[in-house]
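If you read the sequences in order, they're chains A and B.
So for the first sequence, my numbering puts the first residue at 1; every next one is plus one.
So for the second sequence, my numbering puts the first residue at 112; every next one is plus one.
Some hints here could point you the wrong way.
Below, in silico cross-link-like pairs of lysine to any residue (SDA-like), each with a Cα-Cα straight-line distance of 20 Å or less [to be verified]:
no. : chain 1 : residue 1 : chain 2 : residue 2
1   : B       : LYS152    : A       : VAL12
2   : B       : LYS153    : A       : LYS56
3   : A       : LYS98     : B       : LYS166
4   : A       : LYS37     : B       : LYS175
5   : A       : LYS98     : B       : PRO197
6   : A       : LYS98     : B       : ARG148
7   : A       : LYS40     : B       : ASN212
8   : B       : LYS153    : A       : GLY16
9   : A       : LYS98     : B       : SER194
10  : A       : LYS98     : B       : THR143
11  : A       : LYS68     : A       : THR28
12  : A       : LYS3      : B       : GLU170
13  : A       : LYS3      : A       : LYS41
14  : B       : LYS153    : A       : PHE45
15  : A       : LYS98     : B       : VAL122
16  : B       : LYS131    : B       : PRO197
17  : B       : LYS152    : A       : SER7
18  : A       : LYS98     : B       : MET156
19  : A       : LYS67     : B       : ASN181
20  : A       : LYS56     : B       : ILE123
21  : B       : LYS175    : B       : SER165
22  : A       : LYS3      : B       : GLN171
23  : A       : LYS37     : B       : MET156
24  : A       : LYS40     : B       : LYS166
25  : B       : LYS153    : A       : THR28
26  : A       : LYS37     : A       : THR20
27  : A       : LYS37     : B       : PRO218
28  : A       : LYS40     : B       : LYS175
29  : B       : LYS153    : A       : LYS67
30  : A       : LYS41     : A       : SER84
31  : A       : LYS41     : B       : SER116
32  : A       : LYS37     : B       : GLN149
33  : A       : LYS98     : B       : LYS131
34  : B       : LYS153    : A       : ASN22
35  : A       : LYS37     : B       : GLU213
36  : A       : LYS98     : B       : ASN181
37  : A       : LYS108    : B       : PRO151
38  : A       : LYS3      : B       : VAL122
Calculated from the structure, these hints are not laboratory results.
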Amino acid sequence: EDKVVQSPLSLVVHEGDTVTLNCSYEVTNFRSLLWYKQEKKAPTFLFMLTSSGIEKKSGRLSSILDKKELFSILNITATQTGDSAIYLCAVEEPGTYKYIFGTGTRLKVLA
Amino acid sequence: GAVVSQHPSRVICKSGTSVKIECRSLDFQATTMFWYRQFPKKSLMLMATSNEGSKATYEQGVEKDKFLINHASLTLSTLTVTSAHPEDSSFYICSARGLANEQFFGPGTRLTVL
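Make a model of the complete structure from these sequences and hints.
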């Protein structure tokens, strides 16, 4: 049973496009949701979201959480080829320090 | 800050041998570290939670006698794959829990068992 589902599974865009990646989950009462970017090696940390409606922003990337509707989105504006990667979201399992990872969205940005 | 190292980055071994992988938090103390396994084009699968000074807790289906975890200090956890077989070939990644409960990942270890 998938508790964290990401969509789309894969996406191909051209440089300059804006993309929105989705993460929906069936976990309630969690404390945080994490977004990661994974290129050829291990994931690198992007954002931690704990509160609904508060946007986190870093350069061209931004993310927001909706705890009522149980989803989060990651936006990337003016995409570059260097944004090509797998983007993972992870939701904290209630009462633990463990995170449940989604299946990931594979993004490819063409020059 | 929040740098996690993993060693070795790549290891090739013969079937039946044991392999030890180290995970270190370089600039912070981590009471909790996690070990994941990742198959090609798949997401991260949590294997176990490593707690400093106590026994690791394993996820369902993960053999604790096969995958030995030791968290001897606040900056070091080790995963030993015992009597490795080709089906153990995978990408093993550790993470360390930060102060805000985020996880910082090491660069991963690619294990190939011949």
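Next item on the list: Sort out which numbered hints this structure fails and list those numbers smallest first.
Entry: 2, 4, 5, 7, 8, 9, 13, 15, 19, 20, 24, 25, 28, 29, 33 and 38
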